[in-house]
Structure formats: C-alpha cells, structure tokens
Amino acid sequence: MGKYNGNYKMKIFERCDFGGQNMELSDDCPDLNELFHTRDISSVNVMEGYWILHEHPHYRGRQFFLRPGEYRRHSDWGSNSPTIGSLRRITELN
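Numbering (the working numbering), first residue to last: 524 to 617.
Hint data in this document are derived by calculation from the structure and do not stem from the laboratory. Incorrect hints may appear among the rest.
[What the hints assert, rightly or not] Computed beta-carbon distance windows for the label pairs: (1) G525 - N603: 15 to 23 Å; (2) H579 - M546: 27 to 35 Å; (3) N556 - S598: 15 to 23 Å; (4) K532 - D599: 27 to 35 Å; (5) C539 - E615: 13 to 21 Å; (6) T561 - N528: 14 to 22 Å; (7) G525 - H560: 35 to 43 Å; (8) N603 - K526: 16 to 24 Å; (9) L558 - R585: 15 to 23 Å; (10) D550 - L616: 12 to 20 Å; (11) E615 - H560: 29 to 37 Å; (12) R538 - E615: 31 to 39 Å; (13) M570 - Q544: 13 to 21 Å.
Note that CB positions come from ideal geometry on N, CA and C, so glycine has one too.
Throw the hints in and build the complete structure from the sequences for me.
Printed below as a string of structure tokens:
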C-alpha cells in the first residue's frame with residue numbers, strides 16, 4: 524500500500540464504553556503513564572489513521588493494531604488486559 528499521508532487522531536479512555544479520564548492524541552507516545560497518568564486504557568475511539576498499541580513503555584511487549592473505529596473494551600482490540608504502555612502511529616502500510 525505504501526506511505527500513509529493522512530491525519531492521525533485517537534481518543535483514549537480509562538474505562539469501558541468511553542468513560543472515565545480521557546485524552547485525545549495525534550502523535551506517538553513512548554510512555555503513556557507519563558502523559559496519561561495511568562496505563563489502564565479500556566476503550567479507544569480511533570478517528571483518523573492507523574495505530575499500534577504496545578503492552579509496555581517504549582514500544583515493547585504485545586502489539587495491537589487499530590484502524591479507524593470504536594473499541595468499547597480492551598477485548599475489542601484483542602487484549603486480555605487494559606494495560607497499555609505506549610502507542611505509535613503507523614506511517615507505512617504494507
């Protein structure tokens with residue numbers, strides 16, 4: 524597919540069904556705890572772009588691919604835990 528030249532925007536939520544503390548992001552975040560003050564992300568709304576959530580800080584651990592859409596609970600992106608340590612934008616699509 525090549526390079527993705529679109530915008531990136533997602534909103535992360537502390538609780539399922541888009542509840543609790545939330546934050547909108549448009550860039551990579553190597554340590555979510557420093558920015559969001561929690562590593563528990565239970566729901567996500569990806570408005571634009573493609574993203575990878577990582578289980579641990581600095582892009583380590585299990586990875587979860589998210590495309591635009593609503594993820595009401597962590598199981599919607601294939602995780603058995605709400606713990607997310609970092610996230611990044613996908614700029615190259617294969």
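Results for each hint:
no.	hint	result
1	G525 - N603: 15 to 23 Å	33 Å, violated
2	H579 - M546: 27 to 35 Å	19 Å, violated
3	N556 - S598: 15 to 23 Å	22 Å, holds
4	K532 - D599: 27 to 35 Å	18 Å, violated
5	C539 - E615: 13 to 21 Å	31 Å, violated
6	T561 - N528: 14 to 22 Å	32 Å, violated
7	G525 - H560: 35 to 43 Å	37 Å, holds
8	N603 - K526: 16 to 24 Å	33 Å, violated
9	L558 - R585: 15 to 23 Å	20 Å, holds
10	D550 - L616: 12 to 20 Å	18 Å, holds
11	E615 - H560: 29 to 37 Å	31 Å, holds
12	R538 - E615: 31 to 39 Å	33 Å, holds
13	M570 - Q544: 13 to 21 Å	18 Å, holds
Hint compliance for this structure: hints 1, 2, 4, 5, 6 and 8 are not met, and every other hint is.
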